[in-house]
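Two chains, two frames, some hints: make the complex.
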Amino acid sequence: NAGVTQTPKFQVLKTGQSMTLQCAQDMNHEYMSWYRQDPGMGLRLIHYSVGAGITDQGEVPNGYNVSRSTTEDFPLRLLSAAPSQTSVYFCASSSVGGTEAFFGQGTRLTVV
Amino acid sequence: DQQVKQNSPSLSVQEGRISILNCDYTNSMFDYFLWYKKYPAEGPTFLISISSIKDKNEDGRFTVFLNKSAKHLSLHIVPSQPGDSAVYFCAASALFQGGSEKLVFGKGTKLTVNP
Chain A
1 NAGVTQTPKF
11 QVLKTGQSMT
21 LQCAQDMNHE
31 YMSWYRQDPG
41 MGLRLIHYSV
51 GAGITDQGEV
61 PNGYNVSRST
71 TEDFPLRLLS
81 AAPSQTSVYF
91 CASSSVGGTE
101 AFFGQGTRLT
111 VV
Chain B
1001 DQQVKQNSPS
1011 LSVQEGRISI
1021 LNCDYTNSMF
1031 DYFLWYKKYP
1041 AEGPTFLISI
1051 SSIKDKNEDG
1061 RFTVFLNKSA
1071 KHLSLHIVPS
1081 QPGDSAVYFC
1091 AASALFQGGS
1101 EKLVFGKGTK
1111 LTVNP
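Chains A and B, in that order, are what the protein sequence lines are. Going by this note's numbering, the first sequence opens with residue 1, and the numbers climb by one from there. Going by this note's numbering, the second sequence opens with residue 1001, and the numbers climb by one from there.
In isolation and in its complexed conformation, chain B is listed as follows (with noise of 0.2 Å):
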């Protein structure tokens, strides 16, 4: 039973234009959620993350946006560059109500932007 879906294996967008990367959870637990990157070859690495007293979160280009009643959060790049090509991971904890140490992640979503 997947905890934690991101339903797009892919997504392809323009440069300069927004990129949307939708992410869905069904357990009411978790109360952390994160957003990695991963370029090929390499280990994931951290974007930004969300706890669930926020409904947003942002860095720079990057906004986490978290939809607790409809367990939903996205990840919004703007302006979209080509070197956010990459797989996507959303993850998410039981960090501060369940007390679990532990991440579960989706699949991911391949973002490729175009020049």
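Excised from the complex, chain A in its bound form (with noise of 0.2 Å):
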């Protein structure tokens, strides 16, 4: 079962470069949502679906586009990318939002 599949597994960007990271779940869930996790800051809401055509702001979205044209993907977009974003990112989906997520493997990012 490959339930959330994350890539790539790492990046390096410079900064000002932009780049997509992709994010696919198989288990037909309705809500998905990204997190970056910093050093001694936890796991961040960055932005989140609850269906496909449907994104809203979390915690953190500033410098982040999403797009949900189907069920299955939920891309995460850096714009312009800062070393303030060097960060690993984790992508989730869940059945029903503020219950169990499942999350993938994650994504680690350096922005130099």
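It is worth saying that the hints were derived from the structure and are not from the lab. Watch out, some of these pointers could steer you wrong.
Claimed, not checked - Computed, partial: chain B to chain A, Cβ under 8 Å:
#, residue
1, M1029
2, Y1032
3, E1042
4, G1043
5, P1044
6, F1046
7, S1049
8, I1053
9, F1089
10, L1095
11, E1101
12, K1102
13, F1105
14, G1106
15, G1108
16, K1110
Claimed, not checked - Per label pair, the in silico range of CB-to-CB distance:
#, chain 1, residue 1, chain 2, residue 2, range
17, A, D38, B, I1018, 40 to 46 Å
18, B, T1112, A, P8, 46 to 52 Å
19, B, D1059, A, A2, 23 to 29 Å
Heads up, the beta-carbon is just placed ideally off N, CA and C, and yes, glycines get one too.
Laid out in structure tokens, this is it:
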């Protein structure tokens, strides 16, 4: 069972570059979300989606864009990478928001 | 303003003893609580949950206790095993009352179980 798949696992970007972190789930979950994990900060919500075509901001949305054109995919776009976006990014999905979420393995992003 | 607080960054226990991880919350709208375990270089995995209509939920070696009046929950692991060494995150949502789809996480507690 694939569950939640994130690509890439590692990425190094230069300041100002843009990129898209991919997230796909095969559990037919309506709710998907993106978190970032920084040392001593726990998991902070960036953006989330309650279904195809519906997205909303989380706690730390600045510098990121999302879209949800299908139930399966929820990509996260960094518009112009900054060193402050160096972090580990996790995508998660759940059948109902606010309940048990399944996480991907994470993407470790370094912005130099 | 941190709505879910895990005030102990780390905890060390001996194998076979009890591990108690604590979590406090400030938002009275929260009515569903979860614990996640995270190993290095992996995503968090769901461990156990409890809704506000209960004060205890048990699953094998793991028990979560909820004290609504104190806005406090704890995770008990008995007996602790070296494989339990991980970072544990407490999370909360206003699932039933507020209809919020968001999970709010604490900063995590790193548990080390020594053989």
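Legend entry - Enumerated hints in conflict with the structure, sorted upward: Going through the list in order, the structure violates hints 1, 8, 16, 17, 18 and respects the others.
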